[in-house]
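K.L.:
Going down the list, the protein sequences come from chains A and B. Okay, so the first sequence: first residue is 58 according to our numbering, each after it adds one. Okay, so the second sequence: first residue is 58 according to our numbering, each after it adds one.
Keep in mind the hints are simulated off the structure, nothing from the lab. As the structure is a prediction and not an experimental result, all values here were calculated from the model. We put the CB at the ideal spot given by N, CA and C, even for glycine. There could be a bad hint or two in this list.
Said to hold, decoys possible - Examples of chain A residues toward chain B, derived with CB under 7 Å: (1) K59; (2) V172; (3) W179; (4) P205; (5) D220; (6) P225; (7) T238; (8) N241; (9) M329; (10) P332; (11) L347; (12) F348; (13) V409; (14) W433.
2 protein chains.
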Amino acid sequence: MKVCILGIDGYLGWSLALYLKNRGHNVWGVDNGYRRSIVNRVGSDSLIPILTMEARRKLLADFYKGNIATSYADLKQMFTNHKPDAIVHFAEQPSAPYSMKSVRTCVETQVNNIVGTLNVLWAMKETCPEAHLLKLGTMGEYGTPNMPIPEGYFEIEYRNCKDRLPFPKQAGSWYHQTKVTDTNHIAMACNQWGLRATDIMQGVVYGAHIDDAENEPVWWTRFDYDECFGTVINRFCVQAALGMPCTVYGKGGQTRGFININDSMRCFELSMLNPPKAGEHRVFNQFGDLFSIEELGRLVCECAHKHFGLIKAEYGSVENPRIEAEEHFYLPECVQLRNLGFRPRNFNDELVKLLGACVGFAKHAKPEAIAPKTKWR
Amino acid sequence: MKVCILGIDGYLGWSLALYLKNRGHNVWGVDNGYRRSIVNRVGSDSLIPILTMEARRKLLADFYKGNIATSYADLKQMFTNHKPDAIVHFAEQPSAPYSMKSVRTCVETQVNNIVGTLNVLWAMKETCPEAHLLKLGTMGEYGTPNMPIPEGYFEIEYRNCKDRLPFPKQAGSWYHQTKVTDTNHIAMACNQWGLRATDIMQGVVYGAHIDDAENEPVWWTRFDYDECFGTVINRFCVQAALGMPCTVYGKGGQTRGFININDSMRCFELSMLNPPKAGEHRVFNQFGDLFSIEELGRLVCECAHKHFGLIKAEYGSVENPRIEAEEHFYLPECVQLRNLGFRPRNFNDELVKLLGACVGFAKHAKPEAIAPKTKWR
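In isolation and in its complexed conformation, chain A is listed as follows (with noise of 0.2 Å):
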């Protein structure tokens, strides 16, 4: 299958580039070093190692400088050369705080997401309207409603009348709202156009590497662990490395989904192998695990000192920086993929690999890049 991957040379493009070279597809992407240049912005840089953009071009042939956002007719030119069978967009400004720090922030993130995401349905609707498009959305989108959260749409009845609707979104950043719209933008493109999309509710991923880079320095991924760029499982797994707290924001009740990041891999195979008809917005949730963030801390402080003996590691908890609800009810669904096979590794087995790999590399963090900075009011 020929694949393009829009930031590729981020966390999930340049994992999933490697996963589905060694599976037998024919990988390209595109990429303007945006999260590099941002990481750096905000004063910190992955934790592991990476090799510098210049040299993963040369070591992936198909692999395009260039920014989806500004270059409309250069996407189109790559589209049309390539005649690519799936699209994954991952070339989004993917950090909440970031967004929340300005009205600068708030409008580089959502003139990035949103024109970005609008050019690439464009571009498929004039010259690949065939192709499958698989965009990264977040299970953020939902917020915490009380109630079930389907899989994007749901049937209901309200005053006697039924039909299916799109689920209601509410999302609590600057950025969730980007991965809002793109989501009402491609369920349009679908219906006015035809074009056939998987729109993908990911939880947080964790996981310093795929399997299959773990003894392949040139193809380690990214990893980032500042109060900006990082997950909250990042971030506790280098606080537990180092030493310090894991600190919860607020009460610790906020509960999500998390995925690892090979169950991730495979879940973005098993869509591109079973792709949605034309004219269909196929929203699929997709994690593994739910967890408290109180329930997170704990497993990660029990992970260090069983398995690295750092008996320092413990529980912490900062003011919450953000506003979110602290304690809610929370049941996703994630049906659909479980259907297609996907079935999530053991999280503690994967936790150990992931604070191995944080251990390991502890020494290059600045610990002052944890600490949240940005304050959502």
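Using the hints, position chain B against chain A.
P.N.:
Here is chain B on its own, set in the frame of chain A:
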């Protein structure tokens, strides 16, 4: 009350300025002339002659020239200087067909509208968090679901759980999508920053001018009738005045809410005088009558025959350039404004006045501007 009108040079903006001035409010506003230039760009102009922006600025002291989407610092400075009690935000690209023409007009519409509203929210947060934002949305945000449409939010039960959630949106053009995105953003700003807003899902506004402007040509407001910027009722009235068939798109079963321009002004005033509380995102559905496009065509033709002797006025049909349900259930609620005292005017009485204005100015019309040229697919 100190009222800021963003987009004060437009159809509603200029009318509201006069309406509020006449009722003792202190009105100031901002416009960049975008509407004038964009209508010229598609080859049309206001049917009814209006003052130049410069002449209007001489008439109304505090009428600033500026672009709220590109000049955040100026917007913030104006809010700081004027300390508005209410901010009425009309400053958006308002045409669905224009937004569907190309990737360029789509992105132009999206960035202009979304960034403009984000700038307003940030500037309010930073300078006047107590002010009341009245934001112009559209009934088109909801699409045409197979159930009654509540005002923004609804209480539902799903899988034995209950919650009050935003009503799902199903917009049908890139323009309508910007209004959905704005709604999501305003809801978040109210929820997280404690702003107060009335988000107004308005139907199609009709009327050549408000009563106050009848004998005051300097206060006449623009009147668009071309395929991009003219609403269906404006196009029908100009077609009837020119002795051309009133061309319905497709079957004509598309049903929409309509509101007279005087009623629209009264609704904005009612909202202003009854502001929401801090942190509240209040959604009003704002319309008077519901008509299918076919019914509307018949009403316009009847009025043309009976009151103006335009015996050639007839109902016609063209292939629908849009993608929309041409026959559907439609039952939107409009309860809150009625509870505040809103009573719609009689449609047929107001239609006579509107058609009279179109007959009076018909010699200015370019008939070729009316036929649909922009296709959705």
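K.L.:
Each hint: holds or not?
P.N.:
Hints versus structure:
no. : hint : verdict
1   : K59  : violated (23 Å)
2   : V172 : holds (6 Å)
3   : W179 : holds (4 Å)
4   : P205 : holds (5 Å)
5   : D220 : holds (4 Å)
6   : P225 : holds (4 Å)
7   : T238 : holds (5 Å)
8   : N241 : holds (6 Å)
9   : M329 : violated (26 Å)
10  : P332 : violated (22 Å)
11  : L347 : violated (16 Å)
12  : F348 : violated (21 Å)
13  : V409 : violated (36 Å)
14  : W433 : holds (6 Å)
Hint violations for this structure: numbers 1, 9, 10, 11, 12 and 13, all remaining hints satisfied.
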